[in-house]
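Chemist: Listed below are the residues making up each chain.
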Amino acid sequence: EAGVAQSPRYKIIEKRQSVAFWCNPISGHATLYWYQQILGQGPKLLIQFQNNGVVDDSQLPKDRFSAERLKGVDSTLKIQPAKLEDSAVYLCASSSNQGGRDSNYGYTFGSGTRLTVV
Amino acid sequence: GNSVTQMEGPVTLSEEAFLTINCTYTATGYPSLFWYVQYPGEGLQLLLKATKADDKGSNKGFEATYRKETTSFHLEKGSVQVSDSAVYFCALSDPVTGGFKTIFGAGTRLFVKA
Chain F
-3 EAGVAQSPRY KIIEKRQSVA FWCNPISGHA TLYWYQQILG QGPKLLIQFQ NNGVVDDSQL
57 PKDRFSAERL KGVDSTLKIQ PAKLEDSAVY LCASSSNQGG RDSNYGYTFG SGTRLTVV
Chain B
168 GNSVTQMEGP VTLSEEAFLT INCTYTATGY PSLFWYVQYP GEGLQLLLKA TKADDKGSNK
228 GFEATYRKET TSFHLEKGSV QVSDSAVYFC ALSDPVTGGF KTIFGAGTRL FVKA
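These protein sequences, in sequence, are chains F and B.
In terms of the working numbering, the first sequence has 2 at position 6, counting the first letter as 1, and numbering is strictly consecutive.
In terms of the working numbering, the second sequence has 261 at position 94, counting the first letter as 1, and numbering is strictly consecutive.
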């Protein structure tokens, strides 16, 4: 099966500019996650979708970050305006829903988008 | 809240050496435990998992046993190869109290020398 697709792979922007990342999960995976991985740290969850509904966005900086998954498939994560501290790799992951205990089966991650804010 | 602590790196070993990367966790429920691996320039890949106490996860020569009594899930491999050089992340997911999300440790970088 095809993996989780993300684009672009790299992006360099100036602070206060806007940027958007795209993710296409594995076909049939109902749950989609966006993680932020700052250099030298583990991934931190930004937002979790179940189909096209938000399950958890408690750690999403909502004043500048937004995400959507309108048709329950692809997802877009946006930052507007960007700050220097947003420099990180943004990872998208998906998992199948096994009666709500899908977290027991692990995630499939995309290769990520490396964002550099200068 | 739930958390994962793993040993700091980098860990540098010679080829065929024995590997241990320590991981301990804090959880209020009964979490599932995972090891993910991140090769240079790539996303995270699930390496192995264990869903209940005393389970042993294994894959590609790596093993980890879910120890509830010591709240640990240490990663081991008997003989490492240069191709094992990567960053290893310990993680937990607690569907009951953690809302289905996975929490990751900070990662341990492994260098294997030929």
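Because the hints were derived from the structure by calculation, they are not lab data.
Beta carbons are placed, not taken as given, at the ideal position from N, Cα and C, and that holds for glycine.
Hints may contain errors.
Computed footprint of chain F on chain B; a stretch qualifies when at least three of its residues, placed anywhere within it, have a C-beta under 8 Å from a C-beta of chain F [as the list claims (entries may be wrong)]:
{"hint": "1", "segment": "184 to 190"}
{"hint": "2", "segment": "229 to 238"}
Computed Cβ-Cβ distance ranges for the label pairs, DEER-style [unchecked claim]:
{"hint": "3", "chain 1": "F", "residue 1": "Gly68", "chain 2": "B", "residue 2": "Ser170", "range": "25 to 33 Å"}
{"hint": "4", "chain 1": "F", "residue 1": "Ser23", "chain 2": "B", "residue 2": "Ala273", "range": "40 to 48 Å"}
{"hint": "5", "chain 1": "B", "residue 1": "Ala281", "chain 2": "F", "residue 2": "Glu10", "range": "24 to 32 Å"}
{"hint": "6", "chain 1": "B", "residue 1": "Ala184", "chain 2": "F", "residue 2": "Ser23", "range": "37 to 45 Å"}
Chemist: Hint by hint, note whether the structure agrees.
Modeler: Structure-based check of each hint:
1. 184 to 190: violated (count 0)
2. 229 to 238: violated (count 0)
3. F:Gly68 - B:Ser170: 25 to 33 Å: 31 Å Cβ-Cβ, so the 25 to 33 Å window holds.
4. F:Ser23 - B:Ala273: 40 to 48 Å: Between Ser23 of chain F and Ala273 of chain B, where Cβ atoms are some 32 Å apart, the hint is violated.
5. B:Ala281 - F:Glu10: 24 to 32 Å: violated (42 Å)
6. B:Ala184 - F:Ser23: 37 to 45 Å: Since Ala184 of chain B and Ser23 of chain F have Cβ atoms about 41 Å apart, the given range 37 to 45 Å holds.
The structure fails to meet hints 1, 2, 4 and 5 from the earlier list, while all remaining hints are met.
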